[in-house]
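2 protein chains.
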Amino acid sequence: MKLYDFAAAPNPRRVRMFLAEKGIEIETEQVNLREGGQMAPEFAAINPWLTVPALVLDDGTVIRECVAICRYFEEIQPDPPMWGRGAVEIAQVEMWQHRFELEGFLGMRDALRNSADRLQGRAMTGPVDVEQIPALAERARSQVERFIAELDGLLADNEFVVGDLFSIADITAFCAVDFAGWVKIGITDDQTNARRWYDAVNARPSAQA
Amino acid sequence: MKLYDFAAAPNPRRVRMFLAEKGIEIETEQVNLREGGQMAPEFAAINPWLTVPALVLDDGTVIRECVAICRYFEEIQPDPPMWGRGAVEIAQVEMWQHRFELEGFLGMRDALRNSADRLQGRAMTGPVDVEQIPALAERARSQVERFIAELDGLLADNEFVVGDLFSIADITAFCAVDFAGWVKIGITDDQTNARRWYDAVNARPSAQA
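Chains A and B are the protein sequences, given in the same order.
Be aware that the first sequence starts at 632, since it is given in the numbering used here, and climbs by one per residue.
Be aware that the second sequence starts at 632, since it is given in the numbering used here, and climbs by one per residue.
Isolated chain A (complex conformation) (with noise of 0.2 Å):
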């Protein structure tokens, strides 16, 4: 099998620090996105949605999307487990995954996407070119901050995302964070929560993927 990345995208990271949690190496294929690559061709051959990351199975089935993507390699490798153990552990875990994902990943998106001059035309990911909205970039900017601030608040009672458990959510809310660097909004002095699981995860040396 092969993973389509881009080491310097926030997206596949997630993926390569789930692996990483894993042990598993596999063959990766870098689709560089800052010069187009997503959109050649070939990779849209694969790839319809042009977004990293990508796993290319064997027989050619492709799997899209970072939590199909794990979800994928915690089905043939359960251990560690990375999605909870047992009905509730697993349910929590999804629920904050998603909600980092839609809050961090997808205001991040929003923020990014719609106020970076070299994305000007391409408010969107995928084959149709979409105008910036300024407006929706600045208000998910304000979400992005929410997006902290609730981390935090969730952190002073937790060692990780779910209690004891380093997880998917974990690495989704740690890759959200970094992502949120890009267009300067980060952890606050005062959100000493965050920092400290912030500095955990970060010595990780799945952090390093």
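Among the hints, erroneous ones may be present.
Claimed, not checked - Quick list of simulated restraints, FRET-style, between CB atoms: (1) B:Arg749 / A:Glu790: 39 to 47 Å; (2) B:Asp821 / A:Pro836: 27 to 35 Å; (3) B:Asp821 / A:Arg716: 46 to 54 Å; (4) A:Gly654 / B:Ala780: 36 to 44 Å; (5) B:Pro836 / A:Ala766: 38 to 46 Å; (6) A:Asp710 / B:Asp748: 32 to 40 Å; (7) A:Gly654 / B:Asn789: 30 to 38 Å; (8) A:Met632 / B:Pro709: 23 to 31 Å; (9) B:Asn789 / A:Gly784: 39 to 47 Å.
The hints are simulated quantities; they were obtained by calculation from the structure and are not laboratory data.
Note that CB positions come from ideal geometry on N, CA and C, so glycine has one too.
Take the given structure of chain A and dock chain B to it, following the hints.
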């Protein structure tokens, strides 16, 4: 346990359909979103995101978000499998459920909340009041139209979203198509694959849940 629900809202409908397919009946309580029931302090204490559905377990644990609630029930009652059978199908269900949530449900959320008179100042869910962005409503309408077109193309080769398995991805897509009717978007006459599939899903008893 108890499910906080609102019969007229498309998101809790996804959970109701999922439970009906599983043959699970549980206590529900209606939170009238049209009368601001989600803002009541009693409900805000259960779900500070001010959204339904929310599931409260017997020990008081609250599971929020449709996908997390459905995941909980998949874990405690795996049959019939609604999230795939085997690693590849599980990944494909995750991929399409995720895709149709983002393009269909979140597209509709943006199209509706940024245009409806009754949602002025409430363009996002949650405790913070947010002004509408009309340009976003327009952009999101196109996104929803593309969602239905993609669904139609996918169903040219498949009985359901993922092969012959009726899954949570079908539920998400089906509820999103009905939700699109709120802004007068629907399956067009030439989208015959989507129409065939819609009629088949609509004939299932769970579609009335």
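Outcome of the hint check:
no.: 1; hint: B:Arg749 / A:Glu790: 39 to 47 Å; verdict: holds, 43 Å
no.: 2; hint: B:Asp821 / A:Pro836: 27 to 35 Å; verdict: violated, 53 Å
no.: 3; hint: B:Asp821 / A:Arg716: 46 to 54 Å; verdict: holds, 48 Å
no.: 4; hint: A:Gly654 / B:Ala780: 36 to 44 Å; verdict: holds, 41 Å
no.: 5; hint: B:Pro836 / A:Ala766: 38 to 46 Å; verdict: holds, 44 Å
no.: 6; hint: A:Asp710 / B:Asp748: 32 to 40 Å; verdict: violated, 53 Å
no.: 7; hint: A:Gly654 / B:Asn789: 30 to 38 Å; verdict: holds, 35 Å
no.: 8; hint: A:Met632 / B:Pro709: 23 to 31 Å; verdict: holds, 27 Å
no.: 9; hint: B:Asn789 / A:Gly784: 39 to 47 Å; verdict: holds, 43 Å
This entry does not satisfy hints 2 and 6, going by the numbered hints stated previously.
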